[in-house]
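Residue numbers (the numbering used here), protein chains in the order written: chain F, 177 to 518; chain U, 177 to 518; chain P, 177 to 518; chain D, 177 to 518.
Hints were generated in silico from the structure; no laboratory data involved.
Warning: the hint list may mix true and false statements.
Rough simulated footprint, nothing fancy, chain F against chain D, three-plus residues with beta-carbon under 8 Å [stated by the list, open to error]: (1) 245–257; (2) 400–407.
List of simulated lysine-lysine pairs, DSS-like, C-alpha gap at most 25 Å [unchecked claim]: (3) D:452 - D:397; (4) F:397 - D:397; (5) F:329 - F:434; (6) P:397 - U:397; (7) F:434 - F:453.
A few chain P residues that face chain U, going by a derived Cβ cut-off under 8 Å, partial list only [as the list claims (entries may be wrong)]: (8) 200; (9) 203; (10) 405; (11) 494.
We put the CB at the ideal spot given by N, CA and C, even for glycine.
4 protein chains.
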Amino acid sequence: MISFTCDYNEGAHPAILERLVATNLCQEPGYGADRFSQSAQKLIREAVGCPDAQVFLLTGGTQTNSTVIATMLRDYQGVVAATTGHIAVHEAGAVEYTGHKVLTIPQHRGKMKADELKAYLEGYYADGSHEHMVFPGLVYISFPTEYGTLYSKKELSDIHAVCHEYSLPLFVDGARLGYGLMSPACDITLQDLARLCEVFTIGGTKVGALCGEAVVFPSGKAPEHFFTMIKQHGALLAKGRLTGIQFETLFTDGLYLKIAGDAIDLAMQMKEMFVKKGYELFLDSPTNQQFIILPPEAAKALEGKVAYEVWEHLADGRTVVRFATSWATTPEQVAQLSALLP
Amino acid sequence: MISFTCDYNEGAHPAILERLVATNLCQEPGYGADRFSQSAQKLIREAVGCPDAQVFLLTGGTQTNSTVIATMLRDYQGVVAATTGHIAVHEAGAVEYTGHKVLTIPQHRGKMKADELKAYLEGYYADGSHEHMVFPGLVYISFPTEYGTLYSKKELSDIHAVCHEYSLPLFVDGARLGYGLMSPACDITLQDLARLCEVFTIGGTKVGALCGEAVVFPSGKAPEHFFTMIKQHGALLAKGRLTGIQFETLFTDGLYLKIAGDAIDLAMQMKEMFVKKGYELFLDSPTNQQFIILPPEAAKALEGKVAYEVWEHLADGRTVVRFATSWATTPEQVAQLSALLP
Amino acid sequence: MISFTCDYNEGAHPAILERLVATNLCQEPGYGADRFSQSAQKLIREAVGCPDAQVFLLTGGTQTNSTVIATMLRDYQGVVAATTGHIAVHEAGAVEYTGHKVLTIPQHRGKMKADELKAYLEGYYADGSHEHMVFPGLVYISFPTEYGTLYSKKELSDIHAVCHEYSLPLFVDGARLGYGLMSPACDITLQDLARLCEVFTIGGTKVGALCGEAVVFPSGKAPEHFFTMIKQHGALLAKGRLTGIQFETLFTDGLYLKIAGDAIDLAMQMKEMFVKKGYELFLDSPTNQQFIILPPEAAKALEGKVAYEVWEHLADGRTVVRFATSWATTPEQVAQLSALLP
Amino acid sequence: MISFTCDYNEGAHPAILERLVATNLCQEPGYGADRFSQSAQKLIREAVGCPDAQVFLLTGGTQTNSTVIATMLRDYQGVVAATTGHIAVHEAGAVEYTGHKVLTIPQHRGKMKADELKAYLEGYYADGSHEHMVFPGLVYISFPTEYGTLYSKKELSDIHAVCHEYSLPLFVDGARLGYGLMSPACDITLQDLARLCEVFTIGGTKVGALCGEAVVFPSGKAPEHFFTMIKQHGALLAKGRLTGIQFETLFTDGLYLKIAGDAIDLAMQMKEMFVKKGYELFLDSPTNQQFIILPPEAAKALEGKVAYEVWEHLADGRTVVRFATSWATTPEQVAQLSALLP
């Protein structure tokens, strides 16, 4: 049984495990003061091209989103997101649990549009009773989105410009950042991203790490006492070395982008294979998540042999499903899938 | 330079790393549905002797404490702890961040007393205006305490009886549980503990794991939808296998208690060594944290060679310091310390 | 200058002020233990026809909504409301501030539909990952709605039946309850309402009181220690007599419904007058808020003489505006408006 | 039966009721934009001698404390109070409900000491692990205190100086402010108070109003968007005229201090009477709350005729009780008490 259900089915990239083993008995201080974390932070600062960047290593995605959002907002503010934003739907109300509203605007294949964001903000401030409403205090997008889609440099720049006009910081959730940056459809670099937002994350969990999300404030403007608030949110690892070693490894010799690129290559092969065989794409995703419309006979052929994620049942008996590749996917696995598919 | 500053200076017990490597490419579902987590839960249920126990694997100590406390309390309730309780002082207000007060009662070398707990509860309910005050809703103790001290079975039973009388669940924070259970002064077993409280944790981070705390509800009475609330607290790992593999390893063939026992043996040797050399103990700790009063000449002798935690500066120029052993401490390290000490 | 901007432009019904004056120096205990509050609770229990009802007197609308919602939900739950629900938009995030998400479903002239509610709930529980999402824990509607519209007995019964099927309590926000019950279009009574929900409010602020909202749990199932949580939410008046006297007066000899009825009569006259003069209704409201489409010449004619609330500017130069009557509106004021309108 | 149990047993000063009646039908905008609120704010600015002061009118004491504290603190901060501070004990955890810890230091007859505050702050910042603890972010005292005691100008200045040294704003809870300012033992004026803190409240509920607390930021430095956060806390009255009229009346012709002074005169007479009759004072209170040690025979003599608050039962059979006067207390009532006491 092969699984394409998600991009966190396996453990960690072997180089990470090797490094964990090699450094295991070095004695290091806790809470992120270890030399691995410091090295990882330095490597990330270099990779994003921001010498003043502040980098924090947290453990999980929901944790990171709620910690960043809660600490960047004042009590009277909420975070603006597309209706399909992960924080708006799939994080068990973690943002609201910190006391803040998620303010939603329309989505288009997972993305918000700069002009609709602007219209929302204009409308908000034009409303005579807006002081009775939640102030927008931060804009949240993900790159890639929930649907595997990407913002172009132009789209991202436009959103950032609107944010700037309204003095709103932009937060880019990069839980799958590597898969976005290595997509053939991507026209931005990590350095571009760092210029086009106030805070972003570099997802480790889905791109080769056991766990870990790096939070990057490119201009070094983390919320005051962010360290204490990480602890308050239960997001501070005693053995910071665990995330330190992982990000140090991922950002040594470009490993992070390299393994993300491998996953993208296989995703594109997989897409091409589906198209060649005559399958309909639910949407033409440029990243590691491929959304396919599967007819019943195909589903039957894969039963018990290949696992995938069911997304939606269509009225005509077909099913929208998601096949995800990851750093751990092998060409053999894609070949096996191809062989099984009618 | 050898460090005795704390019990989380190193990585993980080698058996854990081996197992991580061996299972790395097995594909498993996320969020704790993996077979390693299930196996770990089964092994823990057996170890605590409670077939109905519910076991959840979280990542860190503060996270675990705030998640357990917040989910066991109703809005009008707070948690009762000794003034020195970790949650009362050193968790950056993580409990209050969830909306709940930490209600403190006196401590005696880190421990609360059953009769003082009872007096507090009696006083609370006798107060005509108690409905204007925070209701006690949970009692929190740690085993061992912040000072490395232990509750005897009698003391724990008495506290539990008071809790029972007032229908209050008892929560035992076992961040260093192994070191408590393996202390020569300890007269309870893991099974006893499970009978004497409503929820407790088995700390992994300080006893051989990279990260991870197991939350055990011995009678299977976890708060409803605890899984969703773990997510809401940002405490749900996507790759649950990480904590699953660690606790599976620690609870295979008694590894957890074995390595804790090794640390205790060395701590006892260390204490004996200090006493023999004429050093004064700040308090006679039966666990892996030893509190010693260090004269200036001893501090000078260790400078740059042995690290420890400074606890308190005394007026006479001496310093109260803490030396901690862990599963990773070696007899050689203790011998080196001994050789250096005047 | 006459104002029809809202229904809280004046002070209190004179009978309330008289009673405040008459009882001013009676010494009464605080925090709702006074005899006026007890009498008000008794009168309300009688009026709603529920001898077991629990009644609490709070001060303001947002306060009441957030206190009721927060105390009826568990941490993992949110409240379901129509997208236009007051709690979803105009309460400054007060519900989210208590840690809970407002889960929105479509609105139709301010109302939710039973079948859409059911579809939402079915979809939620059918979703394989619903445990990663906020659980619906309460359904909120208002009567009348933000648009002055009303649920029929059939509609309310259907919504209640769906709630019952999913074990969800139904909360009816009656900030303008009197104006709803006295509408010619209303086919329910206060007693019906009490049977068709688990908790509702009887708004005083907009129906003759200086301040005050009565929270009614018809079956006596208030959240445990609701009193303490009222205090925790800052919603407990030291001089409970203030709300006690007001609700005692409003529920003596049917004053509450009587004065609401007067306001409705004038609102209907006003609507008829607008229609007769050829004005277009934005929607045909059966309650005290009338939404009219005002052409520029009419706006000009009223300038400086009659105040109203601007709702929305239409592309054709006309404006959607709201004229509200209240218990304090006089026939003379409506006549003056009529005389001024072209 | 006469009651001295507290200072909120009666309604409002008659001048307030007269004014409510006289202005009842004036149409005014809601949410504090009415002319009464604006007039009250102007009068208070004049009374405190701060032309730039920002003044907000809220409804209740706990509400006001939790709103001010929550909005002045950042997430990583708590509020420092004496162990007996009202917020630390008798507000049902309202401060913690907003996510913030109350950090307690010792009390001396209800007061904190400047040097102990300083020692606490020094100790906090000297602690190497203070970033794992809650940062002090605000200092809270009440004037008068829970025990009716007062800070002298020197004591208040010293506390303010310590706050200044650590860049901490000082918040003075003046729920009974009038009774403090008019005490013969008081050596500060309202203007002094405004210079010696960053925010304070002028309590109306206990000094002649039906409800209402004025929050004063003497230098005009209210938290940004305080209005929206008042709403978020459920503390915004729709009919702001209710508090507006009350504070306008209380601050016209010095009524507030005048009626507080009358209450103080009677309290001093009462104290003298108790002393003359040989009763022991529990503490020598200079304000309207008198704490007396009552022997059983006195308690018996008052039974059913005079009500007071029981504070504490002493081992010798006597009882510490509180007799409170208020703006509504009459000389006749004190004379009756005197006549009844053995």
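Hint by hint, which ones does this structure get wrong, listed from lowest number up? 3, 7, 8, 9 and 11
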